[in-house]
Structures are given as structure tokens and as C-alpha cells.
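Protein chains in written order, with the working numbering: chain A, 769 to 1052; chain B, 157 to 352.
If you are wondering where the hints come from, they were derived from the structure by calculation, not from laboratory data. Hints should not be assumed to be uniformly reliable.
Claimed, not checked - Computed footprint of chain B on chain A; a stretch qualifies when at least three of its residues, placed anywhere within it, have a C-beta under 8 Å from a C-beta of chain B:
#: 1; stretch: 997-1005
#: 2; stretch: 1032-1038
As the list claims (entries may be wrong) - Here are some chain A residues the structure puts well away from chain B; computed CB gaps all over 12 Å:
#: 3; residue: A799
#: 4; residue: R800
#: 5; residue: V891
#: 6; residue: L1009
Predicted model, so just to flag it, every value in this text is computed and none were measured. All C-beta atoms, glycine included, are put in the ideal place defined by N, C-alpha and C.
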Amino acid sequence: MLTKMKHYWPLIKSLQTALLILTGLAGYVSARCPVYNLLTIAGLLGSLLLTASGATILNMVWDRDIDAKMDRTKNRPLPRGLINVDEAWIAGIIISLLGLFWAATLDLAYTLVIFAGLFIDVVIYTIWLKRKTAWSIVWGGVSGGMPILAGRVLGTGDIDGIGVLFALGILFWIPTHIMTFSIKYAEDYVAAGVPTFPSRYGIHKTRVIIAISSLLSALSILTSGLLMDLTIGYLRLIIVLAVGLMGLALSTMYGASERVNFGLFKYASLFMMTSMFMVILGAR
Amino acid sequence: MLNRIILLLVAILAGFQIVSGIEGLGTIPIAYYTFSYGIFLISAILMLIMGVDIIEHDVAALAASTLPLGFSMGLVGEFFLEYHLVYASMVSILYAGLVIQKLRKKDKAALLFQILLHSFSGLVLFIMPLVLIVQGKVPISFIGVSVGTGLIAIGGMALAFLKSGKPLLSKEQIYLIFPLVLCMAVIAYSVGIGQG
């Protein structure tokens, strides 16, 4: 059992899932601070953990042939045959459904947003578009924005402008996150036959898009912070980090090394994580 | 590993100062102090992510030049508001000159601007706290600002010698002590400005 859990653990991409849960919590706290209802918080965290993990397992199962062709991913448990494929399908579906049922005990609108995220991620992004077009990343971004929107919906009971702006912040952040990655592992993606922006439009255009999307992501998060009346000190910190993100993104456009490119990838993750913590701590 | 912990400490401390350490001051000093603590914060993060040797990059040198500018403009804005505009205009012109000469790759002219800029802002930042303490306008702990400036000057000189190819210390030694200098400087500024 322990060995099996050890094999399943990489399937849920723990860091990525944790970041998605954090965005969901930030969305909720942005509408409901101070937070008194610990049961709702537990439900939010639990349902997001299960649906995000379930979706990631399903993606991993579907993409196992691609993973087997890429150096970076060929040692994952599914390409190595350490996990039975049918069993992983069933595990992914059951975990996703459990998450949705848990969400349904909290709120219907919240459940619908989470379901939309799951459907867009697994069906539209992974199964339908990922192998066909580099633009599939947009749908990846939309699904990535669903947890924070869901959290906000759970807090307000409705989809509002701040929630949409937060989701846009994530949507525009995804290209910075994924495209810097696809530049670093460009050869891997070509070998696996997965279309990416670097292979379709070239590195320079990809970097221009990264810079623009970083700018838009930073502006969306900042505007959301302003509109939700975030405590000024926390907003100041987000502004500083956003300026750093934009500066780094712009610098990659002018003959940046691979090291700076991957630095941007790490900085973008840190920016998003810190911004979410600032929203949680500075909400009032 | 120790250097990474020190850099993390720099980032946390600078972040804390931006969030709440400078609350209660006027809008102008808050803006400038946020700017300078922001340089500390982003520098520490970038060194953590990409390694300490990024300090040798030209852009890093230009960004580091703005560190004393922000703090000195903040001090002038806090204690001599009537001179703020004149001072800000002067250092901005000098900084613009530095950037333009760097872009034109006129190293000697850039160096001249850099010396003028750092001497001017460094002196203001080093001497003004001492004057304010003597006048009794601020508590003795405000000396932290002068100490921080001295530390930044040491770090700046080490870097300048490194870039000129005539380092007083070896490259490895500079990389080793730089995070510590940065950390002590941010602590000194926090004590000084926080208590002022």
C-alpha cells in the first residue's frame, strides 16, 4: 500500500495542486474575512484538493505516451509501467467525483465552477486540444483560473468582477509559467509531437507573449487587490513583486540566457504564491 | 546553504518592512522607502533563484545604484520636504545621465555620473541621520541608516573592484560575503527608519 501511494504521489503534482488550492483559499478569503466557518474552509480545501488531484491524475493517464517520449517525464510512474493504467483511470475518476460531491455539500454555484475547471482541463485542454494546437494553453489558463473564481463564488454566492479579475490574473500568469518551461524543454516537446509556442512561432515571439501576459497578470491581480480594498501594505508588496515580474519578463525579450528564462519561470511561481498569501493576510 | 538562508532572511525582512515597517510615515517617504526595500527584496529573490553571481550583470549594477537614491530621497521627503523636489530632480538627472551613458557604452562618462551620483546620495544618506540625531529630531537608533549606508558602500566598492578586474577580495570571497552585507544593511535600515 505504501509503495502504491509512493507511486501515486507524483501523479497529483503536489506543488501545482497546492498552488491551485492556495488560489482557491485566497478567492474565498477575499470575500469572507475574517473567516469563522472552519467547516466551510475544510470543505473548500478538501474539495479543491480532490478535484485538482483527480484532474491531474486523469491528465497523466491520458498523456502517458507523450511522457514516455520526453526526457523530463519518461521516469514518471505511468510511462515506467509502475501503475496499472485502468486502475489509474478509476482512481482519477473516483477522486474527482469525491471532490465534486464534497463541493456540492457546500454550494451549487461553487460546484459548477469547479466542474467547469475539471471539464476544461481534462476534456478540452488535455484530450481535445493539447496535441493539436499551441493555443491549447489558453484553455489550460482558463481551467487554472477556476479554483480562485470558485473560492470567490463560495464567499460571495455569485460570480463578480473581482472574481473574474482574479481568474484573469491566473489565466495570464499561466503563459509565463508554461511558456518559459516549454522554451527550456523545447526539444522534448518537439520529440513528443506536442505543439508549443516556441516550436510554432519561435523563441522571440514567445518571449514577447510572455512579457505581455506577465504585465496583464500583474495588472489583473493588482486591480483585484485595489477593488477588494486590500490592506495597503500588502498591496505595496504585490506592486513591488509585480514590477519585478514585469522587469524580468521584459529583460528576457532582449537576448536573455536560458538561466534568466528559467529564472522567470521560478519568479513567476513565487509571485503568484506570494500574491495569494498577501490576499489572504491582507483581506478585510 | 547558509548564504541561501541569509538571502531568504533579507527577502523576508525587506518584505516585512514594505508591508508594515514603514506604516505611519508620509506618502512620499513611504513611496521611496518601498522602492528601496523593493530593490533589496527583488535582489535577494533573484540571487536565490539564479545565484549570487548575477550581481555582476550590468542591469543588476544599474538597479543597485538606485538603492541609496530611494532611501536618500525618502529621508529628504520625510525631514526636509521643501527641498524634496530639488533633490529628487537633481539625482534623477544624474541617474538618467548614468543610464544613457551606459546604453551608449561610454564607460568613462558613465563612471563619472556614477561617482557623482553615489557621492552625493551616499553623503546625504550617511550624514543626514547624524545631523538629525545631534539636533535631537530622531532617536539615536536612527544611526542605523548611516550604518546601512556604510555597509552598502562596502558592498558597492567590492562589486566595483570586481567589475574593474582588480578585486581586493577574490570573486568567491565576494560572493560569500555579499549576502551577509546585504542582510546587515537591511537590518540596519530597518532599525534606523523603523525607530525614526
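Here is what the structure says about each hint:
Beta-carbon proximity to chain B at under 8 Å applies to 4 residues in the stretch 997-1005 of chain A; the threshold of 3 is reached and the given coverage holds. For the stretch 1032-1038 of chain A, the proposed coverage by chain B is satisfied: 3 residues have a C-beta within less than 8 Å of a C-beta in that chain, meeting the threshold of three. Every CB of chain B lies more than 12 Å from the CB of A/A799, the least distance being 22 Å, so the non-interface label holds. Against the 12 Å criterion, A/R800 stays outside the reach of chain B, whose nearest CB is about 22 Å from its own CB.
Every beta carbon of chain B lies more than 12 Å from that of A/V891, the smallest distance being close to 35 Å; the non-interface claim holds. For A/L1009, the shortest C-beta to C-beta distance to chain B comes to about 8 Å, within the 12 Å cut-off, and the non-interface label is violated.
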